[in-house]
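Trainee: Line order of the protein sequences matches chains A, B, C and D. Residue 2 is where the first sequence starts when you use the numbering used here, and the numbers rise one by one after that. Residue 2 is where the second sequence starts when you use the numbering used here, and the numbers rise one by one after that. Residue 2 is where the third sequence starts when you use the numbering used here, and the numbers rise one by one after that. Residue 2 is where the fourth sequence starts when you use the numbering used here, and the numbers rise one by one after that.
Keep in mind that the hints were calculated from the coordinates and are not lab data. All the given hints hold, so there is nothing to weed out.
For chains that are exact copies, the list does not tell them apart, and a pair is met inside one copy or across any two.
In silico EDC-like links for lysine to aspartate or glutamate, alpha-carbon gap of 16 Å or less: (1) K125 / D89; (2) K133 / D89; (3) K133 / E88; (4) K67 / D97; (5) K153 / E168; (6) K56 / D214; (7) K140 / D97.
4 protein chains.
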Amino acid sequence: MIYIYYMKHLIRYSISILTTLILLSSIPAAPPKKVVFFGDSITQAGVEPGGYITKMRQALKGDSSKYSLIGAGIGGNKVYDLYLRMEDDVLAKKPDVVVIWVGVNDVWHKTSHGTGTDADKFEKFYTAIISKLQQKGIKVILCTPGAIGEKKNFVNRNDGDLNAYSEIIRNLAAKYNCPVSDFRKTFVEYDLQNNPSNADSGILTSDGVHLNDAGNDLAANMLLKIITGLK
Amino acid sequence: MIYIYYMKHLIRYSISILTTLILLSSIPAAPPKKVVFFGDSITQAGVEPGGYITKMRQALKGDSSKYSLIGAGIGGNKVYDLYLRMEDDVLAKKPDVVVIWVGVNDVWHKTSHGTGTDADKFEKFYTAIISKLQQKGIKVILCTPGAIGEKKNFVNRNDGDLNAYSEIIRNLAAKYNCPVSDFRKTFVEYDLQNNPSNADSGILTSDGVHLNDAGNDLAANMLLKIITGLK
Amino acid sequence: MIYIYYMKHLIRYSISILTTLILLSSIPAAPPKKVVFFGDSITQAGVEPGGYITKMRQALKGDSSKYSLIGAGIGGNKVYDLYLRMEDDVLAKKPDVVVIWVGVNDVWHKTSHGTGTDADKFEKFYTAIISKLQQKGIKVILCTPGAIGEKKNFVNRNDGDLNAYSEIIRNLAAKYNCPVSDFRKTFVEYDLQNNPSNADSGILTSDGVHLNDAGNDLAANMLLKIITGLK
Amino acid sequence: MIYIYYMKHLIRYSISILTTLILLSSIPAAPPKKVVFFGDSITQAGVEPGGYITKMRQALKGDSSKYSLIGAGIGGNKVYDLYLRMEDDVLAKKPDVVVIWVGVNDVWHKTSHGTGTDADKFEKFYTAIISKLQQKGIKVILCTPGAIGEKKNFVNRNDGDLNAYSEIIRNLAAKYNCPVSDFRKTFVEYDLQNNPSNADSGILTSDGVHLNDAGNDLAANMLLKIITGLK
Numbered sequence: 002m003i004y005i006y007y008m009k010h011l012i013r014y015s016i017s018i019l020t021t022l023i024l025l026s027s028i029p030a031a032p033p034k035k036v037v038f039f040g041d042s043i044t045q046a047g048v049e050p051g052g053y054i055t056k057m058r059q060a061l062k063g064d065s066s067k068y069s070l071i072g073a074g075i076g077g078n079k080v081y082d083l084y085l086r087m088e089d090d091v092l093a094k095k096p097d098v099v100v101i102w103v104g105v106n107d108v109w110h111k112t113s114h115g116t117g118t119d120a121d122k123f124e125k126f127y128t129a130i131i132s133k134l135q136q137k138g139i140k141v142i143l144c145t146p147g148a149i150g151e152k153k154n155f156v157n158r159n160d161g162d163l164n165a166y167s168e169i170i171r172n173l174a175a176k177y178n179c180p181v182s183d184f185r186k187t188f189v190e191y192d193l194q195n196n197p198s199n200a201d202s203g204i205l206t207s208d209g210v211h212l213n214d215a216g217n218d219l220a221a222n223m224l225l226k227i228i229t230g231l232k
Numbered sequence: 002m003i004y005i006y007y008m009k010h011l012i013r014y015s016i017s018i019l020t021t022l023i024l025l026s027s028i029p030a031a032p033p034k035k036v037v038f039f040g041d042s043i044t045q046a047g048v049e050p051g052g053y054i055t056k057m058r059q060a061l062k063g064d065s066s067k068y069s070l071i072g073a074g075i076g077g078n079k080v081y082d083l084y085l086r087m088e089d090d091v092l093a094k095k096p097d098v099v100v101i102w103v104g105v106n107d108v109w110h111k112t113s114h115g116t117g118t119d120a121d122k123f124e125k126f127y128t129a130i131i132s133k134l135q136q137k138g139i140k141v142i143l144c145t146p147g148a149i150g151e152k153k154n155f156v157n158r159n160d161g162d163l164n165a166y167s168e169i170i171r172n173l174a175a176k177y178n179c180p181v182s183d184f185r186k187t188f189v190e191y192d193l194q195n196n197p198s199n200a201d202s203g204i205l206t207s208d209g210v211h212l213n214d215a216g217n218d219l220a221a222n223m224l225l226k227i228i229t230g231l232k
Numbered sequence: 002m003i004y005i006y007y008m009k010h011l012i013r014y015s016i017s018i019l020t021t022l023i024l025l026s027s028i029p030a031a032p033p034k035k036v037v038f039f040g041d042s043i044t045q046a047g048v049e050p051g052g053y054i055t056k057m058r059q060a061l062k063g064d065s066s067k068y069s070l071i072g073a074g075i076g077g078n079k080v081y082d083l084y085l086r087m088e089d090d091v092l093a094k095k096p097d098v099v100v101i102w103v104g105v106n107d108v109w110h111k112t113s114h115g116t117g118t119d120a121d122k123f124e125k126f127y128t129a130i131i132s133k134l135q136q137k138g139i140k141v142i143l144c145t146p147g148a149i150g151e152k153k154n155f156v157n158r159n160d161g162d163l164n165a166y167s168e169i170i171r172n173l174a175a176k177y178n179c180p181v182s183d184f185r186k187t188f189v190e191y192d193l194q195n196n197p198s199n200a201d202s203g204i205l206t207s208d209g210v211h212l213n214d215a216g217n218d219l220a221a222n223m224l225l226k227i228i229t230g231l232k
Numbered sequence: 002m003i004y005i006y007y008m009k010h011l012i013r014y015s016i017s018i019l020t021t022l023i024l025l026s027s028i029p030a031a032p033p034k035k036v037v038f039f040g041d042s043i044t045q046a047g048v049e050p051g052g053y054i055t056k057m058r059q060a061l062k063g064d065s066s067k068y069s070l071i072g073a074g075i076g077g078n079k080v081y082d083l084y085l086r087m088e089d090d091v092l093a094k095k096p097d098v099v100v101i102w103v104g105v106n107d108v109w110h111k112t113s114h115g116t117g118t119d120a121d122k123f124e125k126f127y128t129a130i131i132s133k134l135q136q137k138g139i140k141v142i143l144c145t146p147g148a149i150g151e152k153k154n155f156v157n158r159n160d161g162d163l164n165a166y167s168e169i170i171r172n173l174a175a176k177y178n179c180p181v182s183d184f185r186k187t188f189v190e191y192d193l194q195n196n197p198s199n200a201d202s203g204i205l206t207s208d209g210v211h212l213n214d215a216g217n218d219l220a221a222n223m224l225l226k227i228i229t230g231l232k
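Pulled out of the complex, with its shape left as it was, chain A reads as follows (with noise of 0.2 Å):
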């Protein structure tokens, strides 16, 4: 009798740890969130050992289910060539959200090259990118450029046109409804507290631009912040 008790028993409990397991298995994990990190040489460096996107991975080490950080920033890019391998560099790979991080290239190479970008038509690539973007429901986090010299107290060369960049980013993120990471803004403030003998790199970046250790854990807990709080 005892022997058939346990056995009923046991079929019972069998049965409702089969159910448990059944209904676990149906519901399934989350796909992580694919993020896309499009930019330039800065972004590019983002995704080496140290970089700014490698120190996120490590951070987000314990939702590594939750998050897939990918980097597509090339060097030299400006926003209108981001514009044209958007397709096969972005779409192609479905993201959930999308970080733009470009407008250095795009000032800087005015007065190094003749031929950065204009305002105007800086603010029609990035428009028909965020539209682009928006249109397949992914989500776009902007970002305003850091720095082109880290002396304090605006004296770099193309501190005027950074800022009117700057400025132009903070309106379309306004515009398009997109979280901004504004990196100008606490570049400047913090080269400001930060450096005393007013050097040109050093502080943030390694030479003026792209970011050193320091520069790569800022960037990295100022866009984890706006990742994660992601609704």
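Take the given structure of chain A and dock chains B, C and D to it, following the hints.
Mentor: Frame of chain A, contents of chains B, C and D only:
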């Protein structure tokens, strides 16, 4: 009997006429060949009275049922601006032929605004335009830029780049099997013959860049020959 | 007797007055202090009706015997143009004081014509001018350039360089012990307070560079204080 | 008597010899002709081993008592830099002949740094240098700039300006009656013949601007002919 005989003939004749009419209507008049002129301010002015496209329309009057010439020029455009608006301004018109005439601003704006186009990017965007058009079965005609300043013997500031970018266009024409209207070559030769006082403008242009009447005549003639010669 | 007594007194008194008059006439009125304003188009416009030099002349009317203000501004001048014409346009006039106001074209022409002045050359030529003037015992007053564009908060394209070149001038003033009229600092602060709509011009300038009436007032006041305060 | 007769003759003869000797010694050997080479980095390299000035010294070895060749080239110099240091680096050396070779940086720095020299200013400073030298009775030899990039057929970016500025120099040479070493014309013709692969450098230059061994040979030969031919 005769009545029957005539009736038979009449019926046969009627059928014959009917058949001919049906056949004629089933061989409809070919729709005119749609040619879109895709370019900058030179092309924007081309549809004005006296413009090169207007002159071509007049020359083709007898063949007005054969060709439809459509202007798609916007002032200040560089090659990447063409790429951005190709969908709306060219493809949407379902052209048979597209004439691309661009390059002056890509070169000129380097020194006038610091926002010209790097040679490698010029080639990249130009290639992307040709490829997209050819994929749709559209015939593509390329043009080299005529002049930025008409002084003879290569003393205009932008002559070096203008020659270099023209060479890029010639190479693309060869690579993609496109006819090329080599305005650069023709303008240089024409100015060398017809500019004894070494004037900066007034030979084929009104201001060194935009076509005067002689320039519009020359452009219309060169392009007509190519367009009417297309198989 | 009284008559003689009075005569004696009268003679003595007359001699005393005469002596005083002779002495006074032998201390001739000091010749007016010659001040040459050495600069670009801003200074060229300064001698026009309503210009800042004209306003200073009016303010000094009571002291017209004390100061002679001479305009020596030529449009488009950079620091090396001043150096080239210093002999003819400044030294030949044997000034007591020279006010140097230059820098806008040195910065601006970098981006407008590709013919600005490198920072190190700017300092070199500026130093050469100061040295030559001081060797002749001439007092030298330096001015920082006011503005190229009046948008506030450092978004004008040339703000970076304008701040950097102003810093060079401030350092030269300290090194060579010259009073400095810091227009750059004053214009930035004034525009921040008085340009709520962030206009590109119309606050202290008519076109972003050249002084409007408020600008001429401000410049006249600032320079008057320095010139009349010179020992 | 005969003795006296001989003595008289001997004395007369001695006096005659003495007079001759005195006269001869009062016609001293002509000091070597001092030639100062006044220019930029091309001339700075000219005094190095293998440089064009070094090569000229070797060629003139037999005439080393006739010519003293002095290098006065400084890297990065434009025409106004020459003007600034003319007193110290040229006039102080009391030259008989000055060879001016400048222009590459005046043109090149327009596009590389935004700090080239406007054509009208180039002519103005160049004229000021020639005038000051000729006023001191110094012979002045002008040189046109050779190349910025050696591609043939006028496709180097700066060819237009380089040709235009060379034309300014040729006109100044005609106006001020100076011999001219027309490197521009010679380099273009040489590259057209000797650059079948249309290389950017390596024909007469090591980097498109600075002379390689063939370039130094060519420059030395062209200048030697002019210098040794001066009356």
